[in-house]
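Engineer: Go ahead and model the full structure; you've got the sequences and the hints to work with.
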Amino acid sequence: MHLGRPPTAIPEDLRARRDELGPEAAWFRSVDEAIARKVDAVLLAGDLVDQGRDFFVAYGQLKAGIERLTEAGIRVLAVAGNHDTEVLPRLAGEIDQLELVGAGGQWQSVPVDGITLLGWSFPRPQVRNSPLGDLPASQGKGTVVGLLHCDVDQADSPHAPVSRRELEAAPVNAWLLGHIHRPDDLDSDRPIGYLGSISALRASETGRRGPWLVQIEGKDIAADQLPLAALRYEALEIDCSELEDAGELGAKVLAATRERLRTLADSDNQPKAVGLRITLTGQSPAAAALGEAAAELAADGRSWEEQGIACFVHRIESTVMPRLDLRRLARQSDPCGLLARRLLALQDPEDEEYQRLVRLARESMSPVLGAREFRDLDREPDDEAIAGWLRRAGRMALIRLVAQREEAG
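Following this note's numbering, the numbering of the sequence shown begins with 13 at its first residue and continues without gaps.
By construction, these hints were calculated from the structure, which means they are not laboratory data. Please note that the accuracy of each hint is not assured.
As the list claims (entries may be wrong) - Capping the alpha-carbon separation at 16 Å, the derived lysine to aspartate or glutamate pairs in EDC-like fashion look like this:
{"id": "1", "residue 1": "LYS284", "residue 2": "GLU32"}
{"id": "2", "residue 1": "LYS264", "residue 2": "GLU329"}
{"id": "3", "residue 1": "LYS264", "residue 2": "GLU254"}
{"id": "4", "residue 1": "LYS153", "residue 2": "ASP125"}
{"id": "5", "residue 1": "LYS231", "residue 2": "ASP201"}
The structure presented is a predicted model; accordingly, all values stated were derived computationally and were not measured.
Structural biologist: Here is the structure:
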């Protein structure tokens, strides 16, 4: 949750509302939802507090929420992560109703309404060995849910590195993980993955954020994410191929924003603010002017209200290209012709050249996509996403080649 860490990637005119938009707001929304749904327990997967200096802020916010939950008969259990190794045990000592599981790096089994909760807490900020190496071999016959803060498939990580193979081999029916802010898809008979952050902490953390509702009947486990975050960031692509007047870009952005917000505004817990990370795509004779117009919109920096939600453009990038006659260029035998032929092939997924180029690109990108720094950004790209990147890069290169040839001629 990273309580005490206010959102920073918001415009100046929303700074006064930071308390309404940060992790604390998402925490209180989650408390309300838990009470309304009459859940049996609330589980917290570590990093509740951002840093030690946030002790008093976290104490007040956590205590207020936990007291409401316990008054409603709901238990609150947590494991410590690498950020709150020292702070969370102190908080648990001050807040009687907060149950710290697996303190000191020792696995602990706790009965919770007919299931067994298995948890492990960070004993210090850095743990370079897999905690699963010390996992007890047997957990009994009932349903076992694991709660762990760890770094999956990052063998050199200082934050409790574990492998997915270890998680799958463990005698546990579900693993609910903390550490990585991007939520995983937990829609399987045996959920294993990251819950993600309760609220976006960076503008790059786009899409759904919020707690999960985990329902258990015998050995059947279903996990559904509840998008309760008050602040949300959305990645939005806008095709400007039909836009020939850059002066119409503002209206185009508004229309695309309204369309995206329509589904968000219909929910019971709609976000209070949405930050847009916009990419302009397509081909247009007004490509250069659209780039300038995009820069002006991004520089404005103010929010506006749409369907009861405060909206703002956090970033707007133009990848709009001038129109090129690829088929005419493809008939040439020079580098322009070769690149044009490859761009044409990248339009057809059935083309052997499309498949070859995408495969080579994926192999080249694989080390970067697997790096820890990029795991929060998005899921692994599919073939069409990679082909799209190749098309954009190829068009930019072709535009430069054509311009150089015209200058030389």
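Engineer: Please list, smallest to largest, the hint numbers that this structure does not respect.
Structural biologist: Nothing - there is no hint that the structure violates, so all of them hold.
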